[in-house]
Each structure stands twice: as C-alpha cells, then as structure tokens.
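Participant: Note that the protein sequences, when read in sequence, are chains A and B. Sequential numbering of the first sequence, starting at 1, is according to the numbering used here. Sequential numbering of the second sequence, starting at 1001, is according to the numbering used here.
By construction, these hints were calculated from the structure, which means they are not laboratory data. Please note: incorrect hints may appear among the correct ones.
Lysine-lysine pairs mimicking BS3-like chemistry, simulated, CA-CA at most 27 Å apart [as the list claims (entries may be wrong)]:
#1 A/112 - B/1117
#2 A/529 - A/255
#3 A/175 - A/10
#4 A/175 - B/1010
Below are the chains, spelled out letter by letter.
2 protein chains.
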Amino acid sequence: MSVYDQDLDKCAANYAPLTPSTFLQRSARVYAHRTAVVHGDLRRDYATLYCRCRQLASALALKGVGEGDTVSVIAPNTPEMLELHFGVPMSQGVLNTINTRLDPGAVAFMLKFAEAKVLFVDRAFADLARQALAKMTVQPLVIGIDDVLEPEGEVIGQTDYEAFMTTGDPEYDWKAPADEWQAISLNFTSGTTGNPKGVVYHHRGAYLNAMSAIIAFNLGSSPTYLWTVPMFHCNGWCCPWAVTAAGGTHVCLRKVDPALIYQLIHEHSVSHMGGAPTVMNMLLNAPASMRRELPPNGVSISTGGAAPPGAVIAGMQRIGFQVAHLYGLTETYGPSHWCEWQTEWDGLNDAQQMQKMARQGVPCLTINDHCVIDPSTGEVVPEDGRTIGELVMRGNTIMKGYLKNPQATQEAFEGSWFHTGDLAVMHPDYYAEIKDRSKDIIISGGENISSLEVEELLYQHPHVMEAAVVARPDEMWGETPCAFVCLKEDADDSLTDAILIEWCRDRIAHFKCPKTIIFGPLPKTSTGKIQKYVLRERVGQLGAGG
Amino acid sequence: MSVYDQDLDKCAANYAPLTPSTFLQRSARVYAHRTAVVHGDLRRDYATLYCRCRQLASALALKGVGEGDTVSVIAPNTPEMLELHFGVPMSQGVLNTINTRLDPGAVAFMLKFAEAKVLFVDRAFADLARQALAKMTVQPLVIGIDDVLEPEGEVIGQTDYEAFMTTGDPEYDWKAPADEWQAISLNFTSGTTGNPKGVVYHHRGAYLNAMSAIIAFNLGSSPTYLWTVPMFHCNGWCCPWAVTAAGGTHVCLRKVDPALIYQLIHEHSVSHMGGAPTVMNMLLNAPASMRRELPPNGVSISTGGAAPPGAVIAGMQRIGFQVAHLYGLTETYGPSHWCEWQTEWDGLNDAQQMQKMARQGVPCLTINDHCVIDPSTGEVVPEDGRTIGELVMRGNTIMKGYLKNPQATQEAFEGSWFHTGDLAVMHPDYYAEIKDRSKDIIISGGENISSLEVEELLYQHPHVMEAAVVARPDEMWGETPCAFVCLKEDADDSLTDAILIEWCRDRIAHFKCPKTIIFGPLPKTSTGKIQKYVLRERVGQLGAGG
Chain A
1 MSVYDQDLDK CAANYAPLTP STFLQRSARV YAHRTAVVHG DLRRDYATLY
51 CRCRQLASAL ALKGVGEGDT VSVIAPNTPE MLELHFGVPM SQGVLNTINT
101 RLDPGAVAFM LKFAEAKVLF VDRAFADLAR QALAKMTVQP LVIGIDDVLE
151 PEGEVIGQTD YEAFMTTGDP EYDWKAPADE WQAISLNFTS GTTGNPKGVV
201 YHHRGAYLNA MSAIIAFNLG SSPTYLWTVP MFHCNGWCCP WAVTAAGGTH
251 VCLRKVDPAL IYQLIHEHSV SHMGGAPTVM NMLLNAPASM RRELPPNGVS
301 ISTGGAAPPG AVIAGMQRIG FQVAHLYGLT ETYGPSHWCE WQTEWDGLND
351 AQQMQKMARQ GVPCLTINDH CVIDPSTGEV VPEDGRTIGE LVMRGNTIMK
401 GYLKNPQATQ EAFEGSWFHT GDLAVMHPDY YAEIKDRSKD IIISGGENIS
451 SLEVEELLYQ HPHVMEAAVV ARPDEMWGET PCAFVCLKED ADDSLTDAIL
501 IEWCRDRIAH FKCPKTIIFG PLPKTSTGKI QKYVLRERVG QLGAGG
Chain B
1001 MSVYDQDLDK CAANYAPLTP STFLQRSARV YAHRTAVVHG DLRRDYATLY
1051 CRCRQLASAL ALKGVGEGDT VSVIAPNTPE MLELHFGVPM SQGVLNTINT
1101 RLDPGAVAFM LKFAEAKVLF VDRAFADLAR QALAKMTVQP LVIGIDDVLE
1151 PEGEVIGQTD YEAFMTTGDP EYDWKAPADE WQAISLNFTS GTTGNPKGVV
1201 YHHRGAYLNA MSAIIAFNLG SSPTYLWTVP MFHCNGWCCP WAVTAAGGTH
1251 VCLRKVDPAL IYQLIHEHSV SHMGGAPTVM NMLLNAPASM RRELPPNGVS
1301 ISTGGAAPPG AVIAGMQRIG FQVAHLYGLT ETYGPSHWCE WQTEWDGLND
1351 AQQMQKMARQ GVPCLTINDH CVIDPSTGEV VPEDGRTIGE LVMRGNTIMK
1401 GYLKNPQATQ EAFEGSWFHT GDLAVMHPDY YAEIKDRSKD IIISGGENIS
1451 SLEVEELLYQ HPHVMEAAVV ARPDEMWGET PCAFVCLKED ADDSLTDAIL
1501 IEWCRDRIAH FKCPKTIIFG PLPKTSTGKI QKYVLRERVG QLGAGG
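The following block holds chain A by itself, in its conformation from the complex:
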C-alpha cells in the first residue's frame, strides 16, 4: 500500500455519493427567490420547490417507500411530474415514468413488472390508469393529480397529490443514497416489438449526465427551459436535474401544441428547449398567424431521435432557432452524442455544413469512447465514413442494465461495449453517422439501402411535410423501399406517386428510389417518433411487390 492510501480515507467532509438531489438543495439556497416553475398562472421559486420536494419525499417515506421501491407516474410535463423527479429519489425510491400514450395492457405490464408501490396519475389519464389497474391483482397506492390546467378526467385514487403532500414534513431530512450506484429511475424502452425492457438509471449517472447536459446544451446561468420533451422519455433527457442545477426556470407544458409553444417562448423568453424532429417540423410549418417573436438571442433547440433532415435544420435556423443535433438512447440517459460544431466548418458552404451537421457526432464528456464494429466479427470497421456496422460505446452515463433481464443486459454489454443496435459509419474525424436502426436497413438486390437517405431526399421536396421509408418485400429484389409521405397542407393536388418517384430518380441511384409511395398522415409515438412498425404492418397488408 502506498503512502497515498494511508490515513486518507473517505469521510463525510470530503466524499458524498453523487446524486442530482444535491442540485436542488443548492439551488434552493443560491437561487431561493428565483422562479423555478411556471405552469399557466402558477409560479414557484426554488425555496418553495425544494420545500415541496422534501415534503413529498417525507410523505412517501411515511408510506413505506424506501430503497428499491418503485414509484410510478402517468402524467405529462406538469409541476408534479418535476417534483417527483426529486421527491422520489430523496425518499430513496425509484421513479418510473410511464408513457402516457400506451395502451392499458402495456401500462399494466409495466406496473406489475416494476412492482410499483405507488402510482401517481394525472386526471387526464384516469381512464388509462383505471383500465390498467383492473388487469392487476396487487394494487399500488394510487394518488390522483388534479392539475388546474386540465379540465378533463377524474381525479382517481385513495388521495390526491396535494392532500398526500400535506402528510409529509417540509423540512424532511432526506439522505443521499448510501451508494451512488443505487437506482434512481426506471424507464421502459418504447419497444417497437416485443415486451418493453426496463432500463435502470443510477444516481451517479443522473448526476454526471446533468453536468454533461449543462455543458452540451450550454445552459449557462439561469436558462429558461420549455418542457417540450416528455419527462417520461429518458427522464426528459435528465433536464429536470440539469436545468435545476443551472438555476433555470422550468416552463411546464402539458402537450406539444405549436401555438402554445410559440406563445410560451415569447411570454417567458425561453432560452432552451428540446424536441424530436417532428416538433421542429411542426414549428416550421406553423402558419404565420400562430408564430410569435422569438427572444433577441434566439432559442436553442436540442433535437434527438432520428437525424433531422438538413432542410429542417436550415429552416429552423432561418426563423431564429439554433439547432443542436443530439443522439442517444433510453439506455444512455438520453443524449450520448452531440454534433459539435468545428470552427473549420465556418468556411464551408451551406450544403457542406448541413452534411456535417446531419451527423450524430461525437460522444459527450461522460461517454469515454465509441466505435463502429462489424456485428458478425466484433472487429472495429475502418473509419472511412462508408463501412456500415453497429455503433457501440462505453462510459459512465450508460444504464445499470435491464431490470429482471440478465440475458438482455449481458447481450447489451457484450465485449465490454454497450451495443446500440443502430447501424452507423464512423467518419475519419471521429463523428458517427447513423445509417439506420438495424431493422430499418433495406436490402434490395443485395445492395444495402439506408431508409434515412431516402427520407432525407423526400424531405427536400417542397411539398413534402414528413416522410418515412420502410422495406417492402419484393419478389424480384428481395426488398424495395416503400415511402409513406405526408404532404403539406398547401401541396399541389397534381402531385402523384409516379411524379414523386420520378423526382427521386433524378436525384439518387435508381435502386434506392421508392417503388411504392403511400400518401397520408404518419403514425407516431408519444415522443414524436414515427412508428415504423405500424408502417411495416401496413406494408405487410399490401403484400409483396415486383
């Protein structure tokens, strides 16, 4: 043992398990009277928010919630949802946010799987919760949330949120977890097929990801954050914790509505927000009457999910949004990558810049490494921007694993890498570019076609609002691209599938062009992701082409 290990142990003065709860504690002192929460006419400052979260933690503890107990919630981005992000961890419980657009069967599955001890339900989702609970034998304690901004639905449960809160002590002496590896939350993957998997986050990762997010999103001091990203999605990419650490103002939002978003941005001088590319599309295509003036410094919008089409990024920048392109998965606490701007790109033309920016980018500070491997051999592929393989990474903001699923966990972490399941190329400059979800690759006549590439092209058409491309079985080619296209409201009526296909053939290799085009609105998940599995079902009904 070296001299540096003698009499130099951890003690309460120089070591504390990392937990994002300390950010709220600090902000309650440093920014006591700063507005922490805005929701309709409601305003709460940081001192009040902290006080309420302690009281909530105390109330939960009095009901027996402790380490490893799941507290589930079905709610949109309300003040209560934000409070649960602190109150539950401070009680040592595990927060399980449930996607509000799921069906009762899926919700029941999750509640049973998570062994939920308590379930908070916003009144708008009373029916969903009731139907899910009807499918269960063991019943959690149900607590209804009576949101002032929600006139619909019944406040169900043994008690309501505010009454429950009063049973707790606002000066509750909460404790950090004994071990920072302790679980803080449970997020089910959106699960396009099969049963959803329960992704477990820990306090250390949530703390580090919040620090990294402050840096990645350049939150600065006292940002104003509009809650367009659902908190049930990767805990809102950990922004309940990051924005609180930065002493920012949380502007709550029950649903993604472009008119309301523009109004709140204008009214509260929103500085930062997030959102799927679909949210950007919505803002971009909103009628002029709906738009409001943006704050003088513009609004930073972090966009996750699929790569936003270059035309959408350019359009957003034109109307005053600065677009940051992120990439991540539920398993990586949200963003693991961002497309960091390089000063040498300043000299490129627009098209070249868009090409750079459309890439998913480089790992954030808390991800130690990434690479693209050949899925069959596990070997690292050349960093040539062309060879497709699976994107893998490792670091401190990757989940503990999948709850009660050691096999899936082991597979996800095989070879000491976390396997994203996404197909990507690695560019020589260390920027990763996702080519497709593994299952989204289209193999036509032995050639791989990236459905993203075809979608990118379709988005460039002036009348196309949204596009999604999936494989359609084909007798001759094996598979061919089938495009689902939603046109803009003012689109030319004479635009037919044949014309659009011809337009594509003028622009990319013919084998990559859609053979089938179906017009109409696209099915989406609650987080705005296009549900390709629904489209695949529709294609299945079409039968094989050729």
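On the provided structure of chain A, position chain B as indicated by the hints.
Facilitator: Frame of chain A, contents of chain B only:
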C-alpha cells in the same frame, strides 16, 4: 436486496473510474487538429499533445513509476508542465508541482517528504534544484527541461525531457486508475508558518472539479486560455484538465509580465484567464503604451485569493475584462466558491453591486454545503452577514487529506466538515464573505477589526496602489491596525502617514483606522499573495505602540 441490485452490476461498458485523463483522450479525437498548445512560436494540436502525453506516461512507466509514486516538477507554465498533468496520471503516478519561488531547503523538504522518484527541472531553476538535491541523500531521477523560450540556466539531470520522451511509446495503452479515489497530485500549501502540508488530490475530484470549472468559468466550446495562474498552484485550479475537456487552446506563459500578457491576449484572442488580484492590479496600472486592444467579447478573468477591492473590479470592467470572483484553498482543488451574479442585482447602483461582488459567494456545484460556525462551540452562527465564525464546507472536491499527517487531516475534517481556517460571515442569501484569515483578525480594545475592511478602504484612495494591514501589538489597546502601503508611481509626494490616517478617520470608525502606516513595496508569494507573515515580522521589529 432489492430487484434493482440484482444482475445490475458495474462492468467495463457502463462504469469507468472518473479521471481527467479521459478528457485528453476525447479531445484528441474530437478536436484532433485544433491547436492545443501555444508557446512562443510553437503550436501543437490535440492529436500531438495526446501522443506526447502517452509517450511520456510510457517513458515514466518504463522507469518504474506506478501507483503511488511521486513525480515532482519545478517549472513555470510551459508545454512540458501541461504534459506532465496528463502523462504522470496516465502512468498511475502522483504529480507533485513545486512552487518555483521557494528556497532550496523547502524544496528539499518537499522532495524528501514526497519520496520523489523523478524530478523534472526547467533550466531556469537548475540552481534551485541542485542546491535542494545537495541536501538529500536519496536522489530521484533528474530530468532537465530545455525550454526554447528560456536562455538562462543549465539543463541538468541524467537526461533531458525530449530525450526521455523518446524512450516511451506514443501509442502507450495507458490505464485509468483502478479506483477513482487514487491520488493524482500532491500540492504543498504555501505554508505561511511551519512546515508546509502536502495536500493530496484524487482522480475523481480532479474530474469533477474540471467539469465544475467548465460551468463556473463558462468556458464554452474552444476557449483560449492564457496561463497566468501557476500550474504549481492547486494544479492551476485544475484548468489543465478543464480547458482540455472543453477543447480549448492553452497559451503558455513563463511569467506574469503585463506587457507580454497584453500582447498574448491581443495576438491569440484570449477568452479566459485567471489571476490573483495583484495580476489585475498590474494590468490595470500598466502604462497605456503597454496595453493592447482586447478581443471584441472581452476577456473573462477569474480571480482567486483575497477579495479584490471593489475599485479594482470596477477598473478592470472599464477596460474590457469581465471579473469573476472566486474563492478556494489548496485543500479544495482551488475554487470552492464563486460569486454568482443574481439578476436582481442588475437594478442596484455601482456601489451596491460592488458590495455584492466583493463577497466570496456560493459553493460551486461539486461542494454540497457550507456554513459558518462558532469555532469554540461548533454551532452554526446566524446568517445575518454580521456574526463572524469559521467557514466550513463539505463535498466531492475536497482533498483526500494531508500526506503523512493524520492528525492535521483529522483536525481539518473535524465534525464532518472541512475547516477552512478562514473567518467569515454568512449572509441571509447564502453568500459567504471572508472577513479574514483567522490570524489576520485584529483585536483592538476588545473589538474585532477586519484587516480586509481597512485594506478595502485604503485601496479606494486615489494614490494607493496596494495595501496590507496587520495587527501591531499595542500597550493600551492590545492590538492596533498597522498598514503597509505601496503608492502609485505618480502619487503625490506630499502624502504623509498622518494625512492618510486622517483620510481614513473621515471614512470609517476611528478604532478601525491604522495607527501606523509604512510606505514601500509589499513582499509577495510566487502566486501574488501578499506575505503577511513577513509584514508581521517587520511589525515585530517595530515593537509595541501605544
């Protein structure tokens, strides 16, 4: 055991010990061709810097340096000094930077105490090193640094830095420490009295402090950092790691010279720098011929050490520097506090704003709590901005402890708080304000006098360049304030001690006014701190007043 602890263990994919070495690894990939180091005409990009640090680590490992082995260095802020901040930790060794202004006896003490295995010596400090080594029986491996910008001094040692480097492997497969609590560096306290104590930092703390520094100094992406803060001082407040994490450019600087500082700021568009209040004073009082135009966005200057006088802050802002006021100790990896600006201060007048900004402020994100306690009872004093006690804190960026000094370590961490030894008041808004180092308080007629308060006043006099106040024994009052004052070059010759005392009496309570004033230059440490103990010795020679 809860379900959240089953089959959800750490593995190489989802857990890595925190170490700042990973920041360099990442920047070498993400910012491969960005300029990492500027030194005279020398430029190195991040790919090269990483390559050299790996080679250095490999060379050290080949010489047997491993976990717990001390590698000492006597050098100013050169590229080699920066490389040692990565190369040594990557070899698992402990970096011990030595203050270049110490006497050979002190250096010998440190090398022996640290059991230095290797000693790097910049040629300018060859004599100092040789004299220190002459006092030692066990000799470390000595490696001379031949800096192109230093014409003086001999390159001593068994080999020189560049030759030593070539013995290593530039693709060395360095390892993170097995445990993030492992020591990364050893910093001796400046030790105004008695033998210096060896403060031990760990990898986890260095990593977290770097993240916190990026946020606190608002480094953003690709800052240009001028190296005015000696890296031998709290590892340059951890900025070798923070600036590297942010992909910034390190502009090296052998010594604090106002003409050179202005020139480098202008030439390289420096965005950030640090410095003791004395550095600011130097820049502020530099003749117009020496000044250069600052970059359009100004320069952020983080100032540590004593509270900068309000007039100095205001003066700096006038010429284009944004002053951030920090507070910290060697034991807290440099800054533990910063004086965060509150939006409600925007409405205050200049004097009120200066009063707010002169305070040391609030704990940074990685310090979990602070308070002021009564040193005799250990009780928390009222947060009234008036009751003086000892500032204490706890968190994750506080040293492991003092090397080979369990008693001092235990005392420092008594009652689960780290004891700063600084006397402070706590304001109702959670901002701490240092009133004095414990030994700097002057007790006159039973009244406590803050020497800082008297200094603040003296700095407001138009002819005073610098001032320091210490206690002088007094037969009647016990102690009285004795002021050492350095006048500006253009000061009025007719300004006498009597006139200056009279000027003070017009402005503060008479018992607080200096009874003695001595004109002349002030003795300083290498980091620009005024050496009050030297002044106290001079006062001792004066004998008691009264």
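Participant: Any of the earlier hints contradicted here, and which numbers?
Facilitator: 1
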